[in-house]
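Enquirer: Spelled out, the chains give:
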Amino acid sequence: AQKVTQAQTEISVVEKEDVTLDCVYETRDTTYYLFWYKQPPSGELVFLIRRNSFDEQNEISGRYSWNFQKSTSSFNFTITASQVVDSAVYFCALSAKGGSQGNLIFGKGTKLSVKP
Amino acid sequence: DTGVSQDPRHKITKRGQNVTFRCDPISEHNRLYWYRQTLGQGPEFLTYFQNEAQLEKSRLLSDRFSAERPKGSFSTLEIQRTEQGDSAMYLCASSSSPLGYEQYFGPGTRLTVT
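Protein chains in written order, with the working numbering: chain H, 1210 to 1325; chain S, 111 to 224.
Chain S extracted, bound-state conformation:
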């Protein structure tokens, strides 16, 4: 197994542009999570999928953010009309059921909004 992969690893964009990130979880994992990590902080939960269903969204996830997981495999996170405050590391993690199992993280996508 190759672990969780994320693409791209780095993204620099201008304020106001849209960006999309991709996450490929570990193949047998049905749960997929998105987190955001800013400098000097721990990761903060954004949203969660079980298979293709998006079951929860954090209040951190403004209406400019949208996530999908078609067919319960890879997931995409889109940020529309990026703002400088969106600059962060976006982490994807996957885990298997049941609740409470450890989550395995990908290398992250570092977003810089100029």
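Isolated chain H, as found in the complex:
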């Protein structure tokens, strides 16, 4: 079975704090892809990052960084020096070859509130 678990339902931080959003995935496939999407209050899902199962290098993009660890089946997302504009629901998603034709399996999302 393929599954994505985002254990944190809601997180609230004060602006400029660092925050980490957790994501744990399950799949039996050796080839798979992991994604993070942002859903701001406007509702449209915005693609943030894609990683494949063969690339465990961490990635940094501005204030965003991602930590992929196959040993713990985790793909965590850290926002450094959070800003009010980061307030949104963040989804982790999995696409595995043994599943369907590339459809994404989403976690339930983590709602991040950044207060000024």
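Derived by calculation from the structure, the hints in this document are not laboratory data.
A few of these clues could be false.
[Claimed, not checked] Here are the simulated distance ranges between beta carbons: (1) P118/S / Q1266/H: 41 to 51 Å; (2) V1255/H / Q160/S: 18 to 28 Å; (3) D173/S / Q1292/H: 42 to 52 Å; (4) E193/S / K1279/H: 34 to 44 Å.
Since this is a predicted model, take the numbers as computed values, not measurements.
Even glycine gets a Cβ: it sits at the ideal position worked out from N, Cα and C.
Fit chain S to the supplied structure of chain H, relying on the hints for placement.
Expert: Structure of chain S alone, referenced to chain H:
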């Protein structure tokens, strides 16, 4: 490129009525997906097209739901005899080959069945 567009953005209908939604993907994308998202949940896969061929349907897609993608361009999702449980946000996404590429989502159609 204008991204994925969906129409209408909002639809209110009475139980038992039929509704149809439209999705226009990013023009060079050959894969098109439909998802459904209810409050507090992540999107759930409904169905998938590669060009004009509908290659997979989720068990969530009851026989009241039908989707088409004529000529491999825009797609329509029809719900017949709507039920209150159909109230949700219906999302369309598109991507290019090969498998595993990121999907770009449209703004969604919010359906309310009264």
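Enquirer: Hints first: check each against the structure and report whether it holds.
Expert: Each hint, compared with the structure:
1. P118/S / Q1266/H: 41 to 51 Å: holds, 43 Å
2. V1255/H / Q160/S: 18 to 28 Å: holds, 24 Å
3. D173/S / Q1292/H: 42 to 52 Å: Hint holds: Cβ distance 47 Å, inside 42 to 52 Å.
4. E193/S / K1279/H: 34 to 44 Å: holds, 42 Å
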